[in-house]
Each structure stands twice: as structure tokens, then as C-alpha cells.
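Engineer: Protein sequences appear in the order of chains P and W. Using the working numbering, you'd call the opening residue of the first sequence number 1 and step up by one each time. Using the working numbering, you'd call the opening residue of the second sequence number 279 and step up by one each time.
Incorrect hints may have been included.
[Unchecked claim] The calculated lysine-lysine pairs, modelled on DSSO-like cross-linking and capped at a C-alpha distance of 30 Å, are:
(1) Lys-391/W to Lys-276/P
(2) Lys-468/W to Lys-178/P
(3) Lys-391/W to Lys-341/W
(4) Lys-276/P to Lys-400/W
(5) Lys-390/W to Lys-194/P
The set of hints was computed from the structure by calculation and includes no laboratory data.
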Amino acid sequence: MNETTNVLTNEQRVKLVQDQKRKLTYQSAMLSIAGILGFLLLWEFLAISGVIEGNKLSDVLQVFRLFITKFVDKKPDGAILPVHIWSSLEVALCGFGLAVLIGIPLGWLMGWYRGFDSFMRPIFEIIRPIPPVSWIPLTIVWLGVGLQAKAFIVFFAAFVPCLINSYTGIRQTKEVLKNVGKTCGASYFTIFWKVGIPSSMTMTFAGIKVAIGNAWATLVAAEMLASSSGLGYMILMGRSYGRVDLVIMGILVIGILGVVISALINLLENLVLGWKKL
Amino acid sequence: MDEKKKVILRLENICQSYVVQNGVKDAVENVSFEIYDNEFLVILGPGHCGKTVLMNMIAGLEKPVGGRIFLDGEEIHGSDRRIGMVFQSMNLMPWRTVMGNVEFGLELAGVKKAERRAVAQKYIDLVGLQGFENSYPHELSGGMKQRVGIARAYTNNPQILLMDEPFGALDAQTRYAMEEEVLRIWGQEKRTIIFVTNNIEEAVFLADRIVLLSNCPATVKQIYDLNGLPKPRNMTDPEFLRIRSEVSANTDLAL
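Let the sequences and hints guide you as you build the complete structure.
Structural biologist: Take a look at the structure:
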């Protein structure tokens, strides 16, 4: 046949483009699911076939069953899963929240006011390289093994990236935008507030993300060394009782909670930095 | 020169120098000239000759090492809301919409929202951006961004508008269009404009008078009065070309 190419109507065009987009989204979602399934299958194969012995790796269903029963069963570590989760989250949020509330404004001020920077810098440079876990012995002496002690350690883990990123972010404020503020008659503080802080937001959020990762990692370490509850403690108990299923389940819960927290932060970021996506 | 013209800005022996690795570098040397009310003055000079430095000093963004600046007969120190500035490219806040950028100055001045919106809208309309109030800068073309910059400067209602190579980063076609736009806007909302450029054609097209600067350190080489050449000017008009080549012959080459 000798047909000429059809001229598409507007609706047809819109539909075509939308279909294409939908197809891409669908494909990548399917691949992600396939990735997870593949991982689970490999795990199940290793466990069931006996390549790795049963006392070293439990199979998937066993771990999943434990995850369900652990919601009501206190054995063997003395608390149900939600209690451990809440205990960990409470510490993480206290320490992390404090780090954000103190670290970010401090970074902004140090990045903006030269004198304050010179004053604070030396102390910060000394604190910065100290690994958060090395605070543990001192915290146990000072604060025991309770919430405060762990929150203190988590605070140090999250504080450093918060401060460094908000500092660097506000340092990178474009000179010309500061000048726009000046020619509008703004004071240095107003420019800080209206220009400096907004332009630092991208970096600041990058810092928050690093911080939450650090906080979560340090938390588990702290719970393994100085605690009587929490997910880290639960894992440690699992090992003592030779319950590898409990250890694996604990690790997975820690991972999944990390994903959920990151997703929440991304949501907040989209809210604040939504102008980038448009 | 018309005797009745009122001097609005006067520069007196402005000097600026910077400390560099091996000594001191002079950027601006004893620059003096006067700017009349509502005139379109172009400062023309080769690249890196100290034009932007001179602008920054008038805008109060940096302090001259020597010399004084008088606005309306009074000496000024630092930024003054009566002097507004349109900056070179990349001068919009990416997190603010067109409206947010344009109303920025009024927001800082504490003007109420409804009122500042109305003023900002007036200038958004003036620069031809109606319909783009809620767009973000990265959604705009280079020419549109500079229109936002012009609207923002106008919104503060300054007596003097400094424009520092505002069209330097635009492609040639957009640049011609923007040159005509800036004259149209100036015709509708008369202000004193000091326009910096290194483009001779642009200078001759726009200027009532041209202050020609020398190579670095910048000194005033010559002042051309172009009031005899009626606007809008035609870039291929013989008289235009004659003045253009006259200025061109007198301009130092940038290194």
C-alpha cells in the first residue's frame, strides 16, 4: 500500500510519550524486583543445598517466620522486636536530631562569619577525625549505658558531616548573589538568611544523608558495646545464643529501617529543594 | 552640551588597586566624569580593563582606594538603594521563581506582600515576561534571565541603574534583540543608566554618551557625545558606521 505517514493529533502524541515513560518506569521496577528475588533465591539455594551449613546460614522462610513471631515472642533476648526497634530509633533520632540542630547552624555560621570560623575551626579540626566509637569508653564512664550515652555517641557520628556540608555549602554561595543582596540594601545577616542559607541547601541535605547513615551505623556499634536493648543488642544476643536466624533477621531489619529513613529524608528534600525538579 | 542638564552622579579621581603576588596592581587610575539625569551613558573599554571594578565601586560593593563619588551632590559611601544594578549572567536565585526574584529587593525592604507583588508585576510586564511569573530561572532562556535581572533592578525604583555587561553571555541574535529591548524599556521608564560593555557596536547603538576607558589601569581616554545621532539607530547607517570606526580606532586592544 502507498500510505503517507499519519499526522498525529495532539492527544495521540501525548499518549505516545506517556506510554513510553510508563513503560520505562515499569521496566525499571520489574528489574528491581527481579534483583531482590534473585538475591533471595541465591540465599535460599545456599541455605537449603547445604553449601553453607544450617548453623551458619538460616533459610529465607525461617528468617521470615522469626520476623513475624518476634513481634510477640520475647525469647531469647528478653524483648519483642518492636521494643528493640523503638529503642534504636529513639537513640538514633535523639542523637541525629541534636546533631542536625547544632551541627548545621554551626556550619552555616562558621561558613559565613570569618571571625567565628577562626575561633571554632581548631577545636572542630581536632574533634573531626575522632572515630565516633572511640567515644564509647568515656561515655560509659560519664553516662552509663542508657539512652543518653548512646545518643551522645550517635551525635558525634552525625555532627561532623552535618557541619562540614553546611559549612561548605554556604561557602559556595555565589558572590554575585551576595552582591544582589547588597545592592538591594540588605545587611550581612539578611543576606546570610535570604541568600546564603538557601543556596547552601543542596550541600546541607547531602550532609544530612551522610549523617543519618553514620548515625545508624554507629548506633548499632554502640548498642553492641554499651547497651541492654536495641537492634545491635539483639544481634549480639543472637550470636551468644547461637541463633543465626535472629542475627540475620536483625541485620535485615537494620537495613530496611535505614532505607525507610533515607526515603523519609528524600521526601523532605524534595519538599525543600522542589524547585530543582521542575 | 546642553547647559540645563542636571548632574546626578559625579566621580572624582577614583582609584583602585589590589595587592597581588609581587606588589600592587592598579586597576583604576584617577577616573573622573559626570553623569546627567536620565541619560544613557555607556562605559566602553577593552576586556579586563577595570570596568567591572569601576561599576562595583559606584554600586558600593567595593571601596575605592582614592577618590569620591557624589550622588545628587552628596558624597556616598557603600551601597545605596538609589543605585540599582543589573549583573552579568548567572545572577538569579535558582530557588526563587521569576516573581520571587523580582520582588526580592522589596521583600528585603519590608514591603507588604500584596504591594510588592503589584510593583513586581508591573516590571515583569514591562520587560515582557508576563506568564512566566511562576517559572524558575533554569526554565528560562539566557535573554529571559537578563530580563528578570532588569525587572528586579527596576523594582527597587533606583534613580541610577548600573548594567554590567548584561548581554555579554547571550548569543548574537538575542543580544541585538535585548539591546532594542533595553532602549524600549528605558524609553518607557526613564532612569539614568550606566551601561558597561566591551562591544563597540553595542556602545554606539545604545549610548547618549560613551566614556571610553584605556587598557588597565583604566583611565578615561575620551568621552563621545552621541546625542546628535537620533535613536533608534540603524547599525548600517553611514553616520553610525563612521562613529563606530572612529571609536574603534581609538580603543586599546585587550591583551
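Engineer: Next step is simple, just say for each hint if it's right about the structure.
Structural biologist: Evaluated hints:
1. Lys-391/W to Lys-276/P: Holds, because 24 Å separates the two Cα atoms, which is no more than 30 Å.
2. Lys-468/W to Lys-178/P: This hinted pair holds, its Cα atoms lying about 27 Å apart.
3. Lys-391/W to Lys-341/W: violated (34 Å)
4. Lys-276/P to Lys-400/W: Holds - the C-alpha atoms of Lys-400/W and Lys-276/P are around 27 Å apart, at most 30 Å.
5. Lys-390/W to Lys-194/P: holds (17 Å)
Comparing the model with each numbered hint stated earlier shows that hint 3 is the single one that does not hold.
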